[in-house]
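S.K.: Read off the chains here:
There are 2 protein chains.
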Amino acid sequence: MAKLQKSIEKREALVRATIHLVNNSGFHATPMSKIAKMANVSPATIYLYFENKQDLVNKVYLDVKSKFTEYAFQNHNKDTPVAEGFEKIWKRIADFKLKEVEEAMFLAQCDNTPMIDEASRQEGLKHLQPLLDLWHRGKQEGIIKPISDYLLYAYSINPLSFLMLMQQRGVFKIDQDGLEDAYQAAWDSIKN
Amino acid sequence: MAKLQKSIEKREALVRATIHLVNNSGFHATPMSKIAKMANVSPATIYLYFENKQDLVNKVYLDVKSKFTEYAFQNHNKDTPVAEGFEKIWKRIADFKLKEVEEAMFLAQCDNTPMIDEASRQEGLKHLQPLLDLWHRGKQEGIIKPISDYLLYAYSINPLSFLMLMQQRGVFKIDQDGLEDAYQAAWDSIKN
DNA sequence: TAAAAAAGAATGAACATTCATTTTTATCGT
DNA sequence: ACGATAAAAATGAATGTTCATTCTTTTTTA
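Line order of the protein sequences matches chains L and C. Heads up: the first sequence is residues 75 to 266, going by our numbering. Heads up: the second sequence is residues 75 to 266, going by our numbering.
The set of hints was computed from the structure by calculation and includes no laboratory data. Note that the structure is a prediction, hence the values are computed from the model and not measured. Check before you lean on any hint, since a few could be wrong.
Same chains, same names: a pair is fine if it fits in one copy or spans any two.
Stated by the list, open to error - Capping the alpha-carbon separation at 30 Å, the derived lysine-lysine pairs in DSS-like fashion look like this:
(1) Lys213 / Lys247
(2) Lys200 / Lys219
(3) Lys80 / Lys108
(4) Lys162 / Lys219
(5) Lys127 / Lys265
(6) Lys84 / Lys141
(7) Lys165 / Lys265
Modelling step: build the complete structure from the supplied sequences, incorporating the hints.
M.R.: Structure (structure tokens):
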């Protein structure tokens, strides 16, 4: 008898195919057969890795969210000064969205549609804890405005998503200066 | 013989049903039969008002986008000072998103998925012209930062969408103070 | 009374999932 | 080192359902 040893490459191929196809057609307009074809497996094989279509997309969402937050918080140190920590994280997030365009696009779609289970959505939120911690410290130290966490998030991080969406759609191109302006605007909007 | 005189109420019921169901299940997960049922018409009747499902959702999108911008720019005067015009429009947008929660949610979904035809998307963008005009004037007068229109949009208007999304999801509640803070953050991030 | 509007049932295609087989893999005795 | 073999992994085809759209008939309107 053999041990449970399903190919990790196949799973990754399935995840990549799902992201790509869902980005281009949406969840329900993407047949399992197409995902299978793009990942070079049989449709039936998907069901060895995931329970069903909903489970597939939930898992892909959590995978991508993890990858995103790991990237965003890489080298983040709980003890760095607030302003410095914020700048670092903000710029890591920008990097991620510029480099991993497909993943970022996928997250945006998941966060704005009823595509993902509520439970997985909640689970995904937890990954942002380090950023919340930073904000709380910033507020305690009086460095940033004493406002709701969601306001902080909305004004400092969320606009990035819109910028990247526009960039992806080819509406305009962001350069280093644009990025720096955007960072300044982010900081201006939340600093005390 | 009768003149082309299809019931305007039926069309409106269809539009409302589409918004509601798409918000709750997504475009492709919403059958025409369900839209028909909620609007109290036969499925076949939908095809008297719209060419097909895609045409239905495109038209609903443009209807809602128009309603949104009409509301946002109501009483807007080309000659009011930039700062005042911006504040008025910003607050009208906030009002709309608070009052017309379903419509706002629907627009967010349309803007973040491949649900809408590219042509309709472009068409929808045109409605924002008055806001662009205001910004151009603001830049000429040196009142607001000389940065990309999309950056302006991202930092001053777009975060609202996120706030409202959070509010819709019951994650937190926005009050008058929160709204005022949000407006200040918006203005801080773009003013010169 | 004739055209427009609406209806409900019928049609056919698309799709998620399952089923019956085949192929691959890892371990075993020799 | 080598088949042998049994479990795991993978497959392609089959199944049954769901749904957009069309067709034929009925109802409403002018």
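S.K.: Are the hints correct? Go through all of them and say.
M.R.: Verification of the hints:
1. In this assembly of identical chains, Lys213 and Lys247 lie within 30 Å of each other by CA distance solely across copies; the values are 20 Å between and 34 Å within a copy.
2. Taking the shortest Cα distances, Lys200 and Lys219 sit within 30 Å of each other inside one copy (23 Å), while across copies they are farther apart (35 Å).
3. Proximity of Lys80 to Lys108 under the C-alpha cut-off of 30 Å is restricted to the intra-copy arrangement: shortest distance 21 Å within a copy versus 41 Å between copies.
4. In the homo-oligomer, the alpha carbons of Lys162 and Lys219 lie at most 30 Å apart both inside one protomer (19 Å) and across protomers (24 Å), since each shortest distance falls under that limit.
5. In this assembly of identical chains, Lys127 and Lys265 lie within 30 Å of each other by CA distance neither inside one copy nor across copies; the values are 44 Å within and 47 Å between.
6. Taking CA atoms no more than 30 Å apart as the test, Lys84 paired with Lys141 passes inside one copy only; the shortest distance there is 18 Å, against 47 Å between copies.
7. Both within a single protomer and between protomers do Lys165 and Lys265 lie at most 30 Å apart by alpha-carbon distance, with minima of 17 Å and 22 Å respectively.
In summary, the structure is inconsistent with hint 5 from the numbered list given earlier, while agreeing with all the others.
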